[in-house]
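One line per chain: the protein sequences are U and S, in this order. Per numbering that gives the first Met the number 0, the first sequence runs over residues 0 to 354. Per numbering that gives the first Met the number 0, the second sequence runs over residues 0 to 354.
Do not rely on the hints blindly, as some may be mistaken.
To be verified - Beta-carbon label-pair distances, calculated as ranges:
1. U:G284 / S:Q327: 20 to 26 Å
2. S:E329 / U:E195: 31 to 37 Å
3. U:R323 / S:L157: 38 to 44 Å
4. S:S310 / U:G179: 57 to 63 Å
5. S:D53 / U:R126: 23 to 29 Å
6. U:L314 / S:N152: 48 to 54 Å
Stated by the list, open to error - So these bits of chain S aren't anywhere near chain U, every CB distance computed over 12 Å:
7. S51
8. Q77
9. A87
10. N181
11. V182
12. A198
13. S241
14. Y315
15. D316
It should be emphasised that the hints constitute simulated quantities derived from the structure, not laboratory data. No residue lacks a Cβ here, since even glycine has one placed at the ideal position from N, Cα and C.
2 protein chains.
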Amino acid sequence: MDRRDFVSGAAAGAAGAALAGCGPSTEGGGEAANVQPQQNVRWNLASSFPQSLDTIFDAANILAERVKQLTGGRFQIQTYQAGELFPAFEVLSNVQAGAVEMGHSASYYFKGKDPALIFGGGMELLRELFAKFNVRNLPGGNTGIQMGGWFRNPIQGLEGLQGLRMRIPGFGGEVMSKLGVNVQNLSGGEIYPALERGAIDAVEWVGPYDDQKLGFQEIVKNYYYPGWWEPGPALTFYVNQSAWEGLPQTYQHALEAAAAEANVRTLARYDARNPQALKELVDAGVKLRRFPDEIMRRAETATEDLLRSQSSGALYDKIYESYRNWRQTEQRWFATAEQAFANYAYQGVQLSNPG
Amino acid sequence: MDRRDFVSGAAAGAAGAALAGCGPSTEGGGEAANVQPQQNVRWNLASSFPQSLDTIFDAANILAERVKQLTGGRFQIQTYQAGELFPAFEVLSNVQAGAVEMGHSASYYFKGKDPALIFGGGMELLRELFAKFNVRNLPGGNTGIQMGGWFRNPIQGLEGLQGLRMRIPGFGGEVMSKLGVNVQNLSGGEIYPALERGAIDAVEWVGPYDDQKLGFQEIVKNYYYPGWWEPGPALTFYVNQSAWEGLPQTYQHALEAAAAEANVRTLARYDARNPQALKELVDAGVKLRRFPDEIMRRAETATEDLLRSQSSGALYDKIYESYRNWRQTEQRWFATAEQAFANYAYQGVQLSNPG
Numbered sequence: 000m001d002r003r004d005f006v007s008g009a010a011a012g013a014a015g016a017a018l019a020g021c022g023p024s025t026e027g028g029g030e031a032a033n034v035q036p037q038q039n040v041r042w043n044l045a046s047s048f049p050q051s052l053d054t055i056f057d058a059a060n061i062l063a064e065r066v067k068q069l070t071g072g073r074f075q076i077q078t079y080q081a082g083e084l085f086p087a088f089e090v091l092s093n094v095q096a097g098a099v100e101m102g103h104s105a106s107y108y109f110k111g112k113d114p115a116l117i118f119g120g121g122m123e124l125l126r127e128l129f130a131k132f133n134v135r136n137l138p139g140g141n142t143g144i145q146m147g148g149w150f151r152n153p154i155q156g157l158e159g160l161q162g163l164r165m166r167i168p169g170f171g172g173e174v175m176s177k178l179g180v181n182v183q184n185l186s187g188g189e190i191y192p193a194l195e196r197g198a199i200d201a202v203e204w205v206g207p208y209d210d211q212k213l214g215f216q217e218i219v220k221n222y223y224y225p226g227w228w229e230p231g232p233a234l235t236f237y238v239n240q241s242a243w244e245g246l247p248q249t250y251q252h253a254l255e256a257a258a259a260e261a262n263v264r265t266l267a268r269y270d271a272r273n274p275q276a277l278k279e280l281v282d283a284g285v286k287l288r289r290f291p292d293e294i295m296r297r298a299e300t301a302t303e304d305l306l307r308s309q310s311s312g313a314l315y316d317k318i319y320e321s322y323r324n325w326r327q328t329e330q331r332w333f334a335t336a337e338q339a340f341a342n343y344a345y346q347g348v349q350l351s352n353p354g
Numbered sequence: 000m001d002r003r004d005f006v007s008g009a010a011a012g013a014a015g016a017a018l019a020g021c022g023p024s025t026e027g028g029g030e031a032a033n034v035q036p037q038q039n040v041r042w043n044l045a046s047s048f049p050q051s052l053d054t055i056f057d058a059a060n061i062l063a064e065r066v067k068q069l070t071g072g073r074f075q076i077q078t079y080q081a082g083e084l085f086p087a088f089e090v091l092s093n094v095q096a097g098a099v100e101m102g103h104s105a106s107y108y109f110k111g112k113d114p115a116l117i118f119g120g121g122m123e124l125l126r127e128l129f130a131k132f133n134v135r136n137l138p139g140g141n142t143g144i145q146m147g148g149w150f151r152n153p154i155q156g157l158e159g160l161q162g163l164r165m166r167i168p169g170f171g172g173e174v175m176s177k178l179g180v181n182v183q184n185l186s187g188g189e190i191y192p193a194l195e196r197g198a199i200d201a202v203e204w205v206g207p208y209d210d211q212k213l214g215f216q217e218i219v220k221n222y223y224y225p226g227w228w229e230p231g232p233a234l235t236f237y238v239n240q241s242a243w244e245g246l247p248q249t250y251q252h253a254l255e256a257a258a259a260e261a262n263v264r265t266l267a268r269y270d271a272r273n274p275q276a277l278k279e280l281v282d283a284g285v286k287l288r289r290f291p292d293e294i295m296r297r298a299e300t301a302t303e304d305l306l307r308s309q310s311s312g313a314l315y316d317k318i319y320e321s322y323r324n325w326r327q328t329e330q331r332w333f334a335t336a337e338q339a340f341a342n343y344a345y346q347g348v349q350l351s352n353p354g
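Next comes chain U alone, as it looks inside the complex (with noise of 0.2 Å):
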């Protein structure tokens, strides 16, 4: 879609629009009483995400297009970036207070909150966890596995680490501190500089695709994988509990459907983007490179380390207990037909060898 013609249209329709779908809120399941079927509803979504980041911050786009679509334009969302109605890091709380209907985020970024925030599946565990934010969760599209980021030189086993300098924020910051890591939170804008300036040595963003467009791939050269700290980030759409029982149940459904289609489109939009973006990079002369076993070892045992040890109670332990029996469930079968074939099948594909 068009996000400029999107967003001028909304805001033709919703100039000085009350919002509508934030009634007082209504019992049970049945046909909320305070608003019509028919009703038009505007509702804002503040997402945690700059619009350069376009294949994430397109997740809400998609999902405020199909919404609009599906109700004849009657219920339509306006999409803000980050910083445009609150800071990234502030979305969650807005959507909880209600001052803003839906956000856009991963919600490993509030894992101050509660770090039971860090798990992304269980859709059952994961409505108890968000009602504690007066928030129903829907799915938000996933980048797929990132990449494990940009370094100055070779990594020299775990010793290179020792005092390295890496942007790498969040819960993977947090593993590679257990590994000595010195580690640093810029925001993006920030990176570029001072990666340029020597400040850092090293930096972790997301995938091909949007590492590319920073140019990180002009100052230093060795380009590492996997990002196992983020083998698929779930990303989650919020939705303020009182808006949400003021809906019609129509718009419900809208809301149910078209997030589920932004789910796996901005999956998809980062599969067929990532391919291209990664022979670009490999074409200019970046390297690709492996972690060394020795630190993928160290860095599980740090994870699961840190995952045992920072519970917050009860239902922390058991969005953990549901994960971990997941994982080793769905591990067995994919690491069947699923693996033995891809493993064939990628003989002698791979751009350069790995380092």
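Got chain U sorted already, so can you dock chain S onto it with the hints?
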């Protein structure tokens, strides 16, 4: 959803109803003149699948249920399993003729009509292909990778395939025939008795979840992987072109959104159901075995030979080239971070040693 509830509910509303969506087609992209946005529409959908393949068959029910929800019950689609309205392999021709508004099938079933129908991706080119059949195609689910099938005895290299009587239909069967297999075509219900009385030596069906229900593990124990002839078979919803054009735009959007959701939910269900079934099969004494490399290599060569030689003309060639280019670019990306992560994470998780 509860299929029976839906079907009986729809039947009450649909009794004697005309096929409101099947009026004469209208021009262009505007709101269709012959159906009002609030009009009731009752469609039928003929599936090529039996209800016993519940994950695949339910893709059509997910679609129908969501379309009903999105339109406040005004657009309802009644689903029929294979054989209820038409035989499995006559679904496409009946959608083409307008005898039914929708179908759900695996398009490679119809490669006799045009061999280009074996390709599962490239939406723009496939729209051009399906237009020849008076059909608008929508994505309709995926099983994920399938298993290679059940063999009475472990396979002794390529020689072991000579004259082996194996139930394997379609393009996979054509390839197996090139490898010396005596290919048998049997419908689902005929397989178990044929295996039991020794009339066949091997059979492929789908994957752990569907295979377990047919009970092959009670007779033979060697379960091979990967199902290289179906590493991710795409299913498709067919919509009769005139029926599509007769829909109000809002209903067209409802169909598109519901199909996108049914597409990904069906794959998600397989991803959730196969692992548990695989575990139960192994617990019951089934031996997991990987196809030997020499068979994989010979099958790959035979597949590429067939894909090249069966061309039906310019459109086939365009789709085949698009598929090859896409596959090469995608594999280069997935062979990097994704495969490195999987190979690390799956160490030692296999349920039993490959033979």
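Could you tell me which of the hints above the structure violates, numbers in ascending order?
none
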